[in-house]
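Spelled out from the first residue to the last, the chains are:
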Amino acid sequence: MSQTVFAPWSDPGAKPLIEFRNVTKRFGDFTAIDGLSLGIYEKEFFALLGPSGCGKTTMMRMLAGFETPTEGSILLSGQDLGRVPPNRRAVNMMFQSYALFPHLSVWENIAFGLKREKQDKDAIDARVTEMLRLTRLEKFKSRKPHQISGGQRQRVALARSLAKAPKLLLLDEPLGALDRKLREETQFELMDIQEKTGTTFVIVTHDQEEAMTVASRVAVMDEGRLVQVATPPEIYEQPATTYVADFIGDVSLIAGRAKPAGERVEIAWAEGQPPIVATSETSLSTDQSVHFAIRPEKVHISKERDETRPNLLQGKVEDIAYLGNISTYHVRLSDGTLLKAQSTNHRRLANRGITWEDEVYLSFTETAGVVLTE
Amino acid sequence: MRRLLIAVPYLWLLALFLIPFLIVFKISLSDITLSIPPYSPNLDLSAGWSGLVDFVRALDFENFVFLTQDDLYWKAYLSSVWIAFVSTLITLAVGYPIAYGMARADRSWQPTLLMLVILPFWTSFLIRVYSWMGILSTEGLLNQLLMNLWIIDEPLQILNTTTAVYIGIVYTYLPFMILPIYAALEKMDDALLEAAEDLGCSRLEAFWLVTWPLSRGGVIAGCFLVFIPAIGEFVIPSLLGGSDTLMIGKVLWEEFFSNRDWPVASAVAIVLLLILIVPIVLFQRNEQKAREAEG
Ligand SMILES: Nc1ncnc2c1ncn2[C@@H]1O[C@H](COP(=O)(O)OP(=O)(O)OP(=O)(O)O)[C@@H](O)[C@H]1O
Ligand SMILES: [Mg+2]
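In order, the protein sequence lines correspond to chains Z and B. One point on numbering: in full-length UniProt numbering, the residue at position 319 of the first sequence is 319, and numbering is uninterrupted. One point on numbering: in full-length UniProt numbering, the residue at position 260 of the second sequence is 260, and numbering is uninterrupted.
So here's chain B without its partners, still in its complex pose (with noise of 0.2 angstroms):
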């Protein structure tokens, strides 16, 4: 019953990770065709061993030495990951104070605000995109209050650039920010930092040598939660980002749907995927410090 109960998130994992995994891993060594499905070689298995071993022969790693031939790809990678970045600390910049005022707020209103902050998930990820094109826009609310205001007088083109992509990725990822930072702050005691300021702390320096470093944790597991999702983000760059804005997820799905290369398409994947596992696993650990921290 024990080892059943043990087996189950490793089955979990072999149906819905490790299984597509090497399915696509397969695909990204095929040579493209037109065919469905768009690639060979096949396995043949009434060929029986035969099959098998010309199956294994016509792989190859094609694929992964064209995405390192052309400069498209590894510049899609490498902005994605800086895109990621920036966006990241302006979560942090933006997520931190939200979650500071929200932990230490009034006891019983602090249900209401986390509801507020959980709220946008109730309705569809794509709609909210959608609302941001309109606001966004040149004709959009943002530019006719600015221009109402007698603030700007040209409208500002916001929509279809790199800060439409940014402004994007903080408001959707904002609560996985805000969130286990309140949470690590409202666990803190308020005593603390009375006893940080009996022992001589100013009220900043109370915050430095108390309060930051007990909130760390949740910053850095709400940075990973923020910047790992953010690398691979496809939608929010293709409805809000312009030509110039370089994103790995958008090249990836420009390749399988656009040019139907699959293969090429499923290298860029691996290799997105190989890119993610370092973060993930430092996430991991930092769970795993925490968790142990609390003992």
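Just chain Z, with the same shape it has in the complex (with noise of 0.2 angstroms):
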């Protein structure tokens, strides 16, 4: 790759397009945002992750201008946003119902915008030609929104926050409603769309995999918490937690007691097991209480026994889960904790040898899993 990485957000000089300074909302004593500072900076795709209730809508609807913060404040290019009503500001928001006017047609609906700012007639059928040919919605200008399809009513919302060319745009959920190989496909698109309009994107989701693919960074929350704002791989890799290595993907967590050795850990997880040997970034006190987080993808698995692996653990296959192109082995360690340890189909199914109550062997490297302290 020669393209010079994108990351403002590790340059100290970059301003953010957006900056949320210790904004709490309450909704009478419930504290929906608590405390949150964050920044977002121009032409990221920035996505929030979290669990059904966290406040992901909250946060969105107070950038949009449908929610003023209780406490604390919101900044867009540095201007502090406080009581700018919703048609004052430069962002434009794709709702999660989609939100079309059902008395316009396609073609009226994504002019709506346009026509507010009061621009010329030829200018506005330019815009709206160019936004019909992005979504590729131009066979259906002169429908009605109930007589197109679902996904094609999607792309109308997208169409129609796109049209006034945005600062930022908010995409609540805009792929809930899609099925896997069009929210797949829709995916790319608006990655597409991102690159070629320049604009911020902040897109909230419930579906991890769908932040992972089209995010610049990720932010996952929790009760009106930011836990950790990441890009993907630093988020899978190095999650902060236990509750942000839990949330994204598939972990196996083992307790223990640390005991730091130099730029490695001991961890005593078991009594009578040898301890598992891995590296640590924060550095750890004796006997502190830590879990050890690891993905399934980075265990080995074996039904032979071999010395030279590093972490060689003993178990028993108690469940299989075959997903086609990989296998997920669920294997019970002889004090009771489940490890799960996944392999690659390489092998038709018939060739293959581990099945279920056998005895087989799981080790990792020193670095394949992190050391958490929360």
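Hints should not be assumed to be uniformly reliable.
Sample of chain B residues facing chain Z (criterion: CB under 7 angstroms; computed from the structure) [claimed, not checked]:
#1 Met133
#2 Asp190
#3 Ala191
#4 Leu192
#5 Glu197
#6 Asp198
#7 Gly200
#8 Cys201
#9 Pro213
Pairs of lysine-lysine, DSS-like flavour, derived with a Cα cap of 25 angstroms [as the list claims (entries may be wrong)]:
#10 B:Lys187 <-> Z:Lys144
#11 B:Lys289 <-> Z:Lys141
#12 B:Lys187 <-> B:Lys289
A few chain B positions that, by computed beta-carbon distances, are all more than 12 angstroms from chain Z [claimed, not checked]:
#13 Asp189
#14 Ser202
#15 Asn286
Honestly, the hints are just simulated from the structure, not real lab data. Note that CB positions come from ideal geometry on N, CA and C, so glycine has one too.
Starting from two chains that each stand alone, build the complex the way the hints lay out.
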């Protein structure tokens, strides 16, 4: 890759496009957003990820201007949005329910925002045509929203929110209603559009795979707070807490006590078992209680005991999840801990050796997992 | 079986509309007499074929011609249409904000509000009109209140004027305006207004560009539901209106019961029906269009 890496968040001189400063939002005595600070940079594709009710939509609605923060402030290009009403913000939102105007045609829906700006007719025409082409909707421009399919409706909603060329585009679970295949297609379409238009995108999603696919950075939220904000590989490989590790992807967690030894750390996790040897970037104190988190695909599984392998553990296969291209083995270790291991199915089913109740040996390198203290 | 089901509404129409209509139409072609029934000719079936021929020969359009000669009738028709039209506009102006308020009210309140709109139907229409007489008369509640508040010195003459008729019609038909508008507004997704604002509309623009067009079907339905029955309204003008309130329903009643001129009364009724067909057909079209739009 010859491209320069896009990472304004690691550049201390870069000014964020959006800045949340200690934002708190309460509904009555319920705190939906809890003292949240965050910077989102221009041209980012920023994903908000979290369980239902953690405050993702509330954050979007504050950005769009439908809710005002109870405390703290939100800045757009350094300007406090304060009580700027939604119609005066250079922010557009694509609604979870699409919210297309049922009495207007596809063309009129897309032109709606442009007409409000009192642009002249030719300019509007040109812009709408461009949007129709971008979202491949030319054929449907004179249809009403109820005369097109769900996927097409979703594209109209996208075109409508893009038409005004906002500085910031908010997408609240934009692909929730689509089937898997169309979803994947649209994800790539979104990334393509984002690249072409250079708009900053903030996307809310339930789907961690979607977040990993499209986003430049992912924020994992829990109960109105940010748990971790990082690039997809970082979030996956270096989760900050067990919550993030568990939320993103598949993970096995082993509780134990740390015993730091220079660069390395030994984790005593069960009586009479050799400790797990791992590396840790944070400094740990002796006997600190920690969790060792490891992704299934980083665990090697074999029926033969190979003494040369590091962190060799013995267990019994309890369950096998066959996913076509890969299989996940649930292995019960001698002390009762469950560890997942994954291997690619490069051989046909009948030729593979490991089945239920087999005694197997698991192993992983010292850098394969992470040691978490929270 | 299916044919039978389809036939039911037609039989219903035949029995309750077409047959009475034909009877009234026949009477409208007859002449007034002092007998029982007070018109002739009557079909004499015992005379056989020649009886039928005599009967048909005796029918004529005299009564319809008469309606064009006395200007009372066309003035009454015109004034009825005008009063119905103005009442419809007033009802819309009063009903729309109420329906809007109901649709925007807290969800848990809406059934109660809906109940309150329908509640008046639980008492007899006649009693409610009579109670308006009590409110509007010179010694009535309204005049007493205004005088006690020193707003007026002399009681206002409201009862027995056309104003009272407007008040009566607006009051009576208000629920027919509110309900269809409420139904249209209630279906509307609030996110549409947020979307409109997000795309640069002020609140007022969002109302004109989104709320109003989306409630138009309800508005049109409500207007017809008020306008159509208001044209033929009889009870309200005769109880609340004065001698100068000219409405065709009242004329019809007087022809029938005071003059005992059944043929002319029938002719008045037939013409009224013809006038009503226009808005009724338009109303049906509107309903059909609304159904199609919902697809
Ligand atoms: N208007 C409101 N009044 C009271 N509570 C609210 C309101 N809006 C949101 N909440 C509460 O705030 C919390 C966060 O809501 P929000 O809609 O932001 O969740 P979310 O993360 O978008 O969830 P989901 O993934 O299910 O869409 C929820 O517990 C919700 O009940
Ligand atoms: Mg949400």
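(request) Sort out whether Lys144 (chain Z) lies within 25 angstroms of Lys187 (chain B), counting only the CA atoms. (result) holds, 18 angstroms
(request) Grab the minimum C-beta distance from Leu192 (chain B) to chain Z and call the hint holds if it beats 7 angstroms, violated otherwise. (result) Hint on Leu192 (chain B): holds, closest Cβ of chain Z at ~5 angstroms, below 7 angstroms.
(message) Under 7 angstroms is the threshold here; is the Cβ of Met133 (chain B) close enough to any Cβ of chain Z for the hint to stand?
(response) violated, 44 angstroms
(request) Test the statement that Asn286 (chain B) is away from the interface with chain Z: the closest C-beta pair must be farther apart than 12 angstroms. (result) Given a closest Cβ separation of 15 angstroms, the condition holds.
(request) So, Pro213 (chain B) near chain Z? Judge it on the closest CB pair being under 7 angstroms. (result) Nearest chain Z Cβ about 5 angstroms off; hint holds.
(request) So, Ala191 (chain B) near chain Z? Judge it on the closest CB pair being under 7 angstroms. (result) Cβ of Ala191 (chain B) sits 4 angstroms from chain Z, so the hint holds.
(request) Identify whether the interface hint at Asp190 (chain B) stands, where standing means a beta carbon of chain Z within less than 7 angstroms of its own. (result) Violated, about 9 angstroms.
(message) Run the distance test for Lys289 (chain B) versus Lys141 (chain Z): straight-line Cα separation, threshold 25 angstroms.
(response) This hinted pair holds, its Cα atoms lying about 21 angstroms apart.
(request) Verify the interface restraint on Cys201 (chain B): the C-beta must sit less than 7 angstroms from at least one C-beta of chain Z. (result) Where the cut-off is 7 angstroms and the nearest Cβ of chain Z is about 6 angstroms from Cys201 (chain B), the hint holds.
(request) Under 7 angstroms, Cβ to Cβ, is where Gly200 (chain B) needs to be relative to chain Z, so tell me if that hint holds or is violated. (result) Because about 4 angstroms separates Gly200 (chain B) from the closest Cβ in chain Z, which is inside the 7 angstroms limit, the hint holds.
(request) Please settle this one: Ser202 (chain B) was flagged as non-interface, so is its CB more than 12 angstroms from every CB on chain Z? (result) violated, 6 angstroms
(request) Starting from Lys187 (chain B), check that the Cα of Lys289 (chain B) is at most 25 angstroms away, please. (result) Holds - the C-alpha atoms of Lys289 (chain B) and Lys187 (chain B) are around 17 angstroms apart, at most 25 angstroms.
Hint violations for this structure: numbers 1, 2, 13 and 14, all remaining hints satisfied.
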